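**Q** Each chain, letter by letter, is given below.
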Amino acid sequence: MDSSPLPPPSAPAASVSVPAGAAASAEAALIDVKGLSFSYGDSSALHGINLKIPERRVTAFIGPSGCGKSTLLRCLNRMNDLIDGARVTAGDIRIRGVDIYQPDVDVIELRKRVGMVFQKSNPFPKSIYENITYGLRLQGVGNKGQLDEVVERSLRGAALWDEVKDRLHTSGLGLSGGQQQRLCIARAIAVEPEIILMDEPCSALDPIATAKVEELIHELKSKFTIVIVTHNMQQAARCSDRTAFFYLGKLIEYAETQTIFMNPSNPQTEAYVSGRFG
Amino acid sequence: MSKPPRHLFAHRPSARRRAEGGVAWLFRVATYVVLLAGLAVFGDIMVKGARTVFTSSFPFVNTTFLTAAPQSLYVFEHDGVEHEMSDAEFRVYRTNLEAQAAAAGEPAPELEAETYVYSAGGIFPNIVGTILLVVGSMTIALVLGVASAIYLNEYAKQGPVVHFIRLAILNLAGVPSIVFGLFGFGLFVIFLDFNVSLMAGWFTLAFMVLPVVITASEESLKAVPKGFREGSLALGATKWQTVRKAVLPYAMPGILTSSILGIARVAGETAPIMFTAAYVIRDKLPWEVERAMDFFFQGVMALPYHIYVVSSKIPQNEYSERVQYGTAFVFLGIVALIAASSIILRNRLRSRYRW
Chain A
0 MDSSPLPPPS
10 APAASVSVPA
20 GAAASAEAAL
30 IDVKGLSFSY
40 GDSSALHGIN
50 LKIPERRVTA
60 FIGPSGCGKS
70 TLLRCLNRMN
80 DLIDGARVTA
90 GDIRIRGVDI
100 YQPDVDVIEL
110 RKRVGMVFQK
120 SNPFPKSIYE
130 NITYGLRLQG
140 VGNKGQLDEV
150 VERSLRGAAL
160 WDEVKDRLHT
170 SGLGLSGGQQ
180 QRLCIARAIA
190 VEPEIILMDE
200 PCSALDPIAT
210 AKVEELIHEL
220 KSKFTIVIVT
230 HNMQQAARCS
240 DRTAFFYLGK
250 LIEYAETQTI
260 FMNPSNPQTE
270 AYVSGRFG
Chain B
0 MSKPPRHLFA
10 HRPSARRRAE
20 GGVAWLFRVA
30 TYVVLLAGLA
40 VFGDIMVKGA
50 RTVFTSSFPF
60 VNTTFLTAAP
70 QSLYVFEHDG
80 VEHEMSDAEF
90 RVYRTNLEAQ
100 AAAAGEPAPE
110 LEAETYVYSA
120 GGIFPNIVGT
130 ILLVVGSMTI
140 ALVLGVASAI
150 YLNEYAKQGP
160 VVHFIRLAIL
170 NLAGVPSIVF
180 GLFGFGLFVI
190 FLDFNVSLMA
200 GWFTLAFMVL
210 PVVITASEES
220 LKAVPKGFRE
230 GSLALGATKW
240 QTVRKAVLPY
250 AMPGILTSSI
260 LGIARVAGET
270 APIMFTAAYV
280 IRDKLPWEVE
290 RAMDFFFQGV
300 MALPYHIYVV
310 SSKIPQNEYS
320 ERVQYGTAFV
330 FLGIVALIAA
340 SSIILRNRLR
350 SRYRW
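Protein chains in written order, with numbering that gives the first Met the number 0: chain A, 0 to 277; chain B, 0 to 354.
No wet-lab data here; the hints were simulated from the structure. Computed from a prediction, not measured in an experiment: that's the story for all the values here. It is possible that some hints are incorrect.
What the hints assert, rightly or not - Here are the simulated DSS-like pairs of lysine-lysine, each with C-alpha atoms no more than 25 Å apart in a straight line:
hint	chain 1	residue 1	chain 2	residue 2
1	A	Lys143	A	Lys164
2	A	Lys51	A	Lys249
3	A	Lys119	B	Lys244
4	B	Lys312	B	Lys283
5	B	Lys225	B	Lys238
6	A	Lys143	B	Lys244
7	B	Lys244	B	Lys221
8	B	Lys238	A	Lys119
9	A	Lys143	A	Lys125
10	B	Lys47	B	Lys312
11	A	Lys125	B	Lys244
12	B	Lys156	B	Lys244
13	B	Lys221	B	Lys238
14	A	Lys125	B	Lys221
15	A	Lys119	A	Lys164
16	A	Lys51	A	Lys220
17	A	Lys125	B	Lys225
18	B	Lys221	A	Lys119
19	A	Lys222	A	Lys211
20	A	Lys119	B	Lys225
21	A	Lys51	A	Lys222
22	B	Lys225	B	Lys244
23	A	Lys125	B	Lys238
24	A	Lys33	A	Lys249
Said to hold, decoys possible - Here are the computed distance ranges between Cβ atoms for each label pair:
hint	chain 1	residue 1	chain 2	residue 2	range
25	B	Leu171	A	Ile107	32 to 42 Å
26	B	Tyr150	A	Val106	17 to 27 Å
27	B	Leu171	A	Gly176	40 to 50 Å
28	A	Asp41	B	Val28	46 to 56 Å
29	B	Glu218	A	Ser64	24 to 34 Å
30	B	Thr62	A	Gln138	55 to 65 Å
31	A	Gly139	B	Thr30	54 to 64 Å
32	A	Ser42	B	Val28	45 to 55 Å
33	A	Gly139	B	Ala49	52 to 62 Å
34	A	Arg152	B	Ala146	33 to 43 Å
35	B	Asn346	A	Lys164	26 to 36 Å
36	A	Ser42	B	Ala146	27 to 37 Å
37	B	Thr30	A	Ser64	43 to 53 Å
38	A	Pro266	B	Ala146	56 to 66 Å
Using N, Cα and C, we set each Cβ at its ideal position, and we do this for glycine too.
Turn these sequences into a full structure, and let the hints steer you where they fit.
**A** See below:
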């Protein structure tokens with residue numbers, strides 16, 4: 000994947016153990032959100048968000064419904080552009096130092112590097128093979144050998160290869176819910192993005208499928224930076240390295256997952272994680 | 000056995016319950032009235048038309064009717080026998096009689112025949128003309144209509160301008176077909192100098208059926224789940240790539256279904272083609288042109304116009320009635336054929352692009 004317009008990534012910090020409560024400045028911040036305010040038409044959805052998302056970690060966004068976590072997630076790959084009247088009213092989002100909302104940014108290039116998995120799995124009504132190669136075909140890759148290799152690599156990466164290797168040319172819609180979601184993950188990783196955004200990926204899945212996807216997230220973080228929005232606090236506690244708690248469009252607290260759940264500094268965070276509201 | 004005792008939920012007679020029964024019956028009657036009307040119309044055409052189109056001997060189809068051009072019918076009496084012959088046959092018959100008479104040294108017999116215009120021969124040029132008109136205008140209508148629907152649904156920013164455009168398209172649906180004919184005449188025949196031609200007819204008919212195609216295409220596009228578009232865009236596709244690969248194939252079955260309705264309308268409308276494409280009679284078939292370009296700028300004969308001509312422009316008699324019903328029967332057959340092929344194509348697309 001060529002990255003000509005962007006500066007080369009800085010080396011990740013050697014020390015992994017960061018003292019509790021310290022910001023993530025010691026680690027490489029891949030995504031830097033500064034003072035971001037975002038509105039849908041006249042109603043404001045995000046207020047002054049400051050957040051640094053480290054590379055090759057899992058960061059979770061938690062909070063009650065309507066707190067803006069999905070809005071922020073969709074800002075990261077500019078999927079909110081699809082909504083009429085949605086716009087950034089203040090601040091910026093920088094990925095590897097580049098403000099992604101500046102005028103000369105090609106949204107197509109951005110979305111190739113920042114992939115997304117949706118809440119309701121949306122495999123195309125094509126074969127499994129065609130689903131996975133969809134992203135590469137968009138870029139003009141036609142070599143069958145190359146595509147075959149990518150399909151196998153992506154399906155193995157999504158822990159789906161053994162289950163579907165004999166029926167790659169059957170419809171993707173013939174899979175179970177959990178398999179479809181893993182197919183969508185495989186489809187997203189086939190284009191080799193740097194960042195994968197997951198918007199409540201397990202909310203429509205049963206516990207067994209959820210467990211498989213969570214295991215997958217754990218394997219994927221060695222290669223990809225993952226940002227996951229989840230309604231399920233326990234899932235955030237299980238899967239993520241850092242957690243951000245949002246409430247009514249504001250970022251209330253952002254720290255290591257352990258800290259947020261065991262020892263939060265903000266009383267609102269404590270009230271939410273102990274289930275007193277939500 | 001006595002009646003079971005009344006319980007809490009037993010039926011209680013009331014005006015509301017009687018009204019319920021009455022209203023259900025009214026709806027039933029209305030539906031059957033519509034069914035009867037449909038059967039009456041189709042039955043009339045099929046029974047009377049079948050007499051012209053089908054014969055009692057092999058090959059059971061009146062091939063002359065389907066493959067010859069319209070000619071005049073000559074009805075005359077000779078040697079006490081009534082004959083009905085087409086123009087060409089009559090001439091041959093008379094030539095033979097004259098040859099016989101000349102050989103026998105007698106004067107040629109006088110043959111007094113009553114002629115009935117268009118009541119002999121067939122309607123082959125009309126069939127060809129109608130098929131050409133349908134295929135051409137539906138192609139233009141589908142291309143323009145689907146393109147507009149894609150723009151309105153996928154690209155345009157929803158607001159007062161798009162609302163106005165949709166309103167304008169819907170208004171187009173309310174314009175009488177005769178007005179379309181005059182519009183086509185003024186714009187295509189006169190102003191753009193197409194003259195009475197296939198091109199003028201194609202565009203006039205296409206504009207007439209465009210609102211139906213656009214509305215149905217928009218509905219089909221809207222029915223494709225948003226998830227396909229989001230999934231495609233999230234992988235780095237442009238809008239056109241998304242529409243072409245993840246939206247349009249799944250909207251095609253619905254678009255084709257709407258085109259079936261359009262085909263019936265386009266094939267049957269007389270007013271739009273009266274001034275723009277149709278000739279009453281033409282002795283050349285559409286493919287008998289000197290230059291390729293002439294093909295598009297020639298007028299054609301058409302089935303609905305032929306029915307009009309035979310019904311109103313000439314005196315009515317038993318012979319013209321035969322032609323009218325035969326033409327109507329053939330017309331229904333052709334529309335059914337084109338619709339059937341459209342349905343087959345749609346079903347094939349549906350099984351390929353199932354979601």
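**Q** Of the numbered hints stated earlier in the document, which are not met by this structure?
**A** none
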